[in-house]
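Engineer: Letter by letter, the chains look like this.
Protein chains: 2
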Amino acid sequence: MIKLYQFHPSGNCYKVRLLLHQLGIPFEAVETEMGTKGTRSLEFKAKNPIAKVPTVELEPGVFLAESNAILWYFAEGTPFIPTDKLERARMLQWMFFEQYSHEPYVAVARAWIAFFGTPPGKERELEERIQKGYAALDVMEGELSKRPFFAGERYSLADITLYAYTHVAEEGRFDLARYPAIRAWFERVQAQPRHLRITDAVPSAAR
Amino acid sequence: MIKLYQFHPSGNCYKVRLLLHQLGIPFEAVETEMGTKGTRSLEFKAKNPIAKVPTVELEPGVFLAESNAILWYFAEGTPFIPTDKLERARMLQWMFFEQYSHEPYVAVARAWIAFFGTPPGKERELEERIQKGYAALDVMEGELSKRPFFAGERYSLADITLYAYTHVAEEGRFDLARYPAIRAWFERVQAQPRHLRITDAVPSAAR
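Chains as they are written, first to last, in my numbering: chain W, 479 to 685; chain D, 479 to 685.
Incorrect hints may appear among the rest.
All copies of an identical chain are treated as equivalent in the list; a pair is satisfied when it fits inside any one copy or across any two copies.
With a straight-line cut-off of 25 angstroms between C-alpha atoms, the simulated SDA-like cross-links for lysine to any residue are [as the list claims (entries may be wrong)]:
| id | residue 1 | residue 2 |
| --- | --- | --- |
| 1 | Lys-610 | Thr-517 |
| 2 | Lys-610 | Thr-514 |
| 3 | Lys-481 | Gly-630 |
| 4 | Lys-600 | Tyr-612 |
| 5 | Lys-563 | Trp-590 |
| 6 | Lys-481 | Lys-515 |
| 7 | Lys-481 | Gly-539 |
| 8 | Lys-515 | Glu-621 |
| 9 | Lys-481 | Met-512 |
| 10 | Lys-610 | Ala-589 |
| 11 | Lys-481 | Leu-501 |
Calculated directly from the structure, the hints in this document are not laboratory data. Please read these numbers as outputs of a predicted model, since none were measured by experiment.
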């Protein structure tokens with residue numbers, strides 16, 4: 479069975495749980511702590527030299543890392559990837575936007591505020607990250623004012639990717655009241671078949 | 479003709495020039511400055527709300543952004559994307575690694591040191607970025623000690639992506655002497671048919 483090495487509250491790990499559940503693919507979750515006893519241990523780096531979760535073990539000894547690449551792997555040939563070439567590239571555009579212009583701000587602010595504490599001396603950096611997080615949310619609001627989902631008319635990996643940290647952005651003290659298009663999109667994402675919440679345990683069918 | 483909005487010394491823009499040249503796809507380059515007169519102008523944001531270069535105009539009014547998504551768009555169905563499903567996902571893994579764990583450190587250090595100056599008060603942040611850049615180079619060295627290219631036996635988009643800023647990392651004062659596997663890979667990348675250097679002008683055949 480597929481193993482998902484994960485930290486449950488991580489949005490990057492949640493992306494993978496959500497897609498696997500929506501695809502009906504069973505998996506086993508292996509909770510993995512950050513730091514030198516977990517992702518930074520020599521044992522874990524032998525699985526994934528990038529030393530991060532999520533990491534999936536597809537079959538014994540075969541590993542794949544980077545949340546959005548994992549999503550791609552499992553979604554190939556399914557309706558989660560658009561069949562139109564430009565829409566497919568547009569989907570990837572928003573997935574790269576998420577990793578470069580959204581996650582380092584929205585997710586890191588949440589991680590510091592809600593989970594690990596702001597590292598000493600990083601208070602000003604936190605403010606900068608919140609400011610850049612709002613810039614990413616502004617871009618999302620603009621797009622969602624024009625179309626229902628990021629790649630076009632249909633729910634795709636781009637929506638899973640951007641939903642993961644945006645819907646819990648308030649845990650990083652982002653005020654989402656000012657983003658009506660984003661909040662309406664939350665409802666469209668949550669209305670998809672077999673939706674799973676970030677706090678939901680790994681489904682028993684998938685254990 | 480395809481238009482590439484770009485800043486010529488940017489590695490992200492170079493990726494697109496290199497692939498288009500290797501594919502023999504003609505394009506016109508439109509130099510675009512950063513900041514409120516360029517990428518942050520309302521006019522440019524109407525093309526790309528993420529407000530960054532590279533941005534390509536595929537046909538009049540149809541834009542695509544994010545360097546690695548642009549590479550994907552043009553490379554679909556070509557030998558630059560592996561036909562094996564796992565190798566394809568592995569290629570994407572390294573492309574997401576590049577945007578999350580490499581570019582913000584290796585490219586930003588170079589941009590500050592070689593082009594724009596380190597922003598006031600960011601001297602300590604620069605040191606942190608250099609440290610994390612070395613961590614990314616360490617990961618690359620480990621991979622390239624095991625296989626000739628990032629996705630496996632063949633040159634792919636992952637190599638274009640990671641070559642772009644790594645081969646000019648010394649402009650960000652990274653010492654590459656300690657990375658023999660990376661330097662040997664530089665030679666393999668440079669030996670590919672129709673290689674283009676970052677300093678090369680847009681090829682006249684492509685003007």
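Engineer: Does each hint hold? Answer for all of them.
Structural biologist: Now for the hints, and whether the structure bears them out:
In this assembly of identical chains, Lys-610 and Thr-517 lie within 25 angstroms of each other by CA distance solely across copies; the values are 16 angstroms between and 27 angstroms within a copy. In this homomeric assembly, Lys-610 and Thr-514 come within 25 angstroms of each other (Cα to Cα) only across copies, at 16 angstroms, whereas the closest approach inside a single copy is 29 angstroms. In the homo-oligomer, the alpha carbons of Lys-481 and Gly-630 lie at most 25 angstroms apart only across protomers (23 angstroms), although the nearest pairing inside one protomer, at 32 angstroms, exceeds that limit. In the homo-oligomer, the alpha carbons of Lys-600 and Tyr-612 lie at most 25 angstroms apart both inside one protomer (18 angstroms) and across protomers (21 angstroms), since each shortest distance falls under that limit.
For a Cα distance limit of 25 angstroms, the shortest separation of Lys-563 from Trp-590 qualifies neither inside one copy, at 38 angstroms, nor across copies, at 36 angstroms. Taking CA atoms no more than 25 angstroms apart as the test, Lys-481 paired with Lys-515 passes inside one copy only; the shortest distance there is 19 angstroms, against 49 angstroms between copies. For the homomeric pair Lys-481 and Gly-539, the shortest alpha-carbon distance inside one copy (11 angstroms) is at most 25 angstroms, but the shortest distance between copies (44 angstroms) is not. In this assembly of identical chains, Lys-515 and Glu-621 lie within 25 angstroms of each other by CA distance solely across copies; the values are 23 angstroms between and 41 angstroms within a copy.
Proximity of Lys-481 and Met-512 under a CA criterion of 25 angstroms is satisfied intra-copy only: 17 angstroms inside one chain copy versus 44 angstroms between copies. When the C-alpha separation of Lys-610 and Ala-589 is checked against a cutoff of 25 angstroms, the pair qualifies both within a copy, at 15 angstroms, and between copies, at 19 angstroms. In this homomeric assembly, Lys-481 and Leu-501 come within 25 angstroms of each other (Cα to Cα) only inside a single copy, at 15 angstroms, whereas the closest approach across copies is 38 angstroms.
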